[in-house]
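For the sequence shown, this note's numbering begins at 1 and goes up steadily by one.
Just so you know, the hints here were simulated from the structure itself, not pulled from any lab data. Since the model is a prediction, treat every value here as computed from it, not as a measurement. All clues stand as given, with none of them false.
Listed next, with one range per pair, are the computed distances between beta-carbon atoms: (1) Leu135 to Cys92: 44 to 50 Å; (2) Asp162 to Lys83: 37 to 43 Å; (3) Ser130 to Asn41: 29 to 35 Å.
Even for Gly, the Cβ is constructed at its ideal location relative to N, Cα and C.
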Amino acid sequence: MRIQDLAGRRVALWGWGHEGHAAYRAVRSRLPELPLTLFCNAAEADEAMCLGDSLLSIEHEASGQRLAQFEIVIKSPGISPNKPEAVHATQCGTRFLGGTALWFAEHADDGQMAHTVCVTGTKGKSTTSSLLAHLLRTAGLRTALAGNIGVPLLELLDVQADAWAVELSSYQTRDVAASGAH
1 MRIQDLAGRR
11 VALWGWGHEG
21 HAAYRAVRSR
31 LPELPLTLFC
41 NAAEADEAMC
51 LGDSLLSIEH
61 EASGQRLAQF
71 EIVIKSPGIS
81 PNKPEAVHAT
91 QCGTRFLGGT
101 ALWFAEHADD
111 GQMAHTVCVT
121 GTKGKSTTSS
131 LLAHLLRTAG
141 LRTALAGNIG
151 VPLLELLDVQ
161 ADAWAVELSS
171 YQTRDVAASG
181 AH
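All chains, full assembly: derive it from the sequences and hints.
Rendered as structure tokens:
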């Protein structure tokens, strides 16, 4: 699902870390008039209120019933899709996406992701991703290193690169499958 496909839908953000910030900025840059609801803790809510976004509603409790009131929930990658709240909302028809899925949908040309290598696993993801990016740069390619390694993919939504080295958590890997890209 591309960001433009969110237009006219009931959309929420769940989580306000690096990925949540990036998702907010990406959606807001493409759909400035889309009402959004942010589910986050109290400290994060104070920061989010400083944005002065009258179309951003901020809530603290992401219950299954409340999440089920949205068509789409863009969740941070650290939030398990197996949490009871997410399972309940999914059973009620809510679709959960991550920023990774949105990025891949924006970048996939007919579902194909040329020049993109994704690294996942239990140990060594960051080392492998960094080494891969270094080798690609040494070969003269403009290479973006992003994902779970520190820079959320949605922060690089408009970046043009010759190659992408992307570190993914297990939850983000699930998002790639949901994006339809391969």
